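Given next are the chains, with one letter for each unit.
Number of protein chains: 2
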Amino acid sequence: MKKSIFYHAGCPVCLSAEHDIIELIGAQNVEIVHFGEDKSRIAEAEKAGVKSVPAMVTPNGNVLHINFGASMSEVKA
Amino acid sequence: MKKSIFYHAGCPVCLSAEHDIIELIGAQNVEIVHFGEDKSRIAEAEKAGVKSVPAMVTPNGNVLHINFGASMSEVKA
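So the sequences go chain by chain: A and B. Quick note: the first sequence uses my numbering, first residue 19, plus one each step. Quick note: the second sequence uses my numbering, first residue 19, plus one each step.
To be clear, the hints were calculated from the coordinates, so they are not data collected in a lab. These numbers were taken from a predicted model, which means no experiment stands behind them. We put the CB at the ideal spot given by N, CA and C, even for glycine. You can trust all of the hints, since none of them are fake.
Label pairs and their computed distance ranges (CB to CB): (1) A:A61 x B:K57: 40 to 50 Å; (2) A:S58 x B:A61: 43 to 53 Å; (3) A:K20 x B:N47: 14 to 24 Å; (4) B:D56 x A:E55: 37 to 47 Å; (5) B:E41 x A:E64: 18 to 28 Å; (6) B:R59 x A:D56: 36 to 46 Å; (7) B:D56 x A:A95: 35 to 45 Å; (8) A:E41 x B:E64: 18 to 28 Å; (9) B:K21 x A:K69: 26 to 36 Å; (10) B:E92 x A:K69: 16 to 26 Å.
Below, computed lysine-lysine pairings styled on DSSO-like, alpha-carbon distance capped at 30 Å: (11) A:K65 x B:K69; (12) B:K94 x B:K65; (13) A:K69 x B:K69; (14) B:K94 x B:K57; (15) A:K94 x B:K69; (16) A:K69 x A:K94; (17) A:K20 x B:K20; (18) B:K69 x B:K57; (19) B:K69 x B:K94; (20) B:K21 x A:K21; (21) B:K65 x A:K69; (22) B:K65 x B:K20; (23) B:K69 x A:K21; (24) A:K20 x B:K21; (25) B:K20 x A:K21; (26) B:K57 x B:K21; (27) A:K94 x A:K57; (28) A:K57 x A:K69; (29) B:K20 x B:K69; (30) A:K69 x A:K20; (31) B:K94 x B:K21; (32) B:K94 x A:K69; (33) A:K57 x A:K21; (34) A:K20 x A:K57; (35) B:K94 x B:K20; (36) A:K69 x B:K21.
Put together the whole structure using the sequences plus the hints.
Right, here's the structure in full:
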């Protein structure tokens with residue numbers, strides 16, 4: 019199975035969701051991207067349709083916005 | 019593993035998310051509850067912290083609101 023990508027920005031909501039997602043789908047099935055550590059991935063996430071974090075892009079390209087931590091404009095600020 | 023519970027109300031956003039969740043975590047790991055078919059589950063979902071659908075309650079009781087289909091007040095209307 020192609021991996022999902024979970025994007026987050028280190029906020030408490032993000033970390034809680036990250037923990038849940040890893041529990042549910044398994045760490046081996048998801049790549050975790052922290053924008054605070056890698057701002058170069060922001061453009062790719064926006065292109066995939068990510069509007070806020072935490073969000074997960076599934077292997078088939080759907081975006082699941084999970085709860086609400088921060089908007090992408092806050093992430094870029 | 020205890021099952022997650024995925025609550026939805028049949029809206030297009032709900033059905034898309036349902037499909038993704040089943041792909042990701044497996045149909046055997048999640049109970050699907052459709053409020054349109056079973057309104058008696060609404061109170062239980064609200065008690066668990068569900069504010070909008072689609073939403074998933076994880077085995078440890080966390081609520082993941084996934085994208086946004088409808089508020090619980092719309093579901094009850």
